[in-house]
Amino acid sequence: MNTNPKHEPPTSDEMLAYVRGELSADDEARFRDRLIPYPELVRTLTASFPTEGAEPGDDDYLSEEEFARHWAAMQRRMARGVVVPFWPSVAAIAATLALVFGALYWRAHTEQRLPRVLTVDGQTLFPDGNSRGGANDAATVTPHGDWYSLVPVLMDERPFDNYRVELFDARVNPQRSLWSVSGLRRSENATLIVAVPRSFLTPGIYRLAIYGTKGAREKHVNNYTVRVAR
Amino acid sequence: MTKDDRFQSLYQKYYLRIVRYFVRSFHLSEDDARDLAQDAFIRFYKAMGEYRGEAEWAFFETIARNVAYNRIRSQNAAKRRVKLVNIEDPATRVPGAPEPDFAKQQEDAIRWRQLDDAIAELPVGQRQCIQMQLNGFKYREIAKFLGISEDAVKSRRRDALKHLREKLGADVLPEDDE
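First to last, the sequence lines map onto chains A and B.
Numbering follows numbering that gives the first Met the number 0, with no gaps: position 82 of the first sequence is 81.
Numbering follows numbering that gives the first Met the number 0, with no gaps: position 94 of the second sequence is 93.
Don't take each hint at face value.
What the hints assert, rightly or not - Some chain B residues close to chain A (C-beta under 10 Å, calculated; not the full set): (1) Phe58; (2) Phe101; (3) Gly146.
These are computed hints drawn from the structure, not numbers from a lab.
Built from N, CA and C at the ideal position, the CB exists for glycine as well.
Turn these sequences into a full structure, and let the hints steer you where they fit.
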């Protein structure tokens, strides 16, 4: 049945977002529909997971010696380090560099114009669904020189250690991720500063998604729909 | 109890059960399953400081399922990259094997195509239930995945079969329930 599915299966990131309940109801439905042609992947979500562990004396309880052996093997694996995929790394580095140079350029530009007061001359964005923003009322952004300087206002219950920003092309369905940058810090006035190269955004509608990270956990915080005019 | 103590305790209790889970649920080899289980535990160890109690185990479950998902997804992608062999090519025939019944094969292929097309035209909920059932899922699993009751699955399946029989004929799919 359905031996030749039309679509690629969801990525593991999408699978994680689904499991963590981070998708909207519509996106969840789309996720399921894309996954159903791949029964072996569906089973990774439906198969019963062990809930009870073995107790000492059970056949499948690892002895101290066995654990010591496994632990040594795991430490060797951990010491080998994480093999980082090449292209995602390049993309992450490029995005980070863009952010750093954007911030440097921006600071230099601002300091030049306002030598005594350091201000962020970016475009303030309010989250979708807020009275001052929203998907039906996408904020039109305009570049400053070669950069779009975006200042999304965070509306989260509790601040996170860091934030990750991901930019999606909202013109296609499902939305396509264009780039992502992580490790951003929240400012004292609850904003982030995001510099996007002008050449990166052609006219259209984009969605800026912000995720808060704390340790290994990541939680979706806000969406900001923006329009790049011709 | 320190992080390392908690980790050791969980590992000793669950490692072999997780290996069995990977073998049984995803038909992985024992070696693959052991490798995957260790991979899941390493990821868990690196991030476990954030979780406690039941949340900790739920977190491990997410990691283990995700690790399996990644492995199976990449195995599938590798299979798709493998060159396909045309089974009707005489060069691939096993000597002494009976002549294939091409007419029957053709007929079956046409029926499957018609069934595929008819299923694609069903309402989404019915289509999902029928697709999953044809892929070997039980009512309980379909209900869990779609977030609906088993009765709803049965009802959607019934409606789908009715549509398909109207379109393709009475013998299109089996009558029997699970």
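These are the hints, each one checked on the structure:
no.	hint	result
1	Phe58	holds (8 Å)
2	Phe101	violated (19 Å)
3	Gly146	holds (8 Å)
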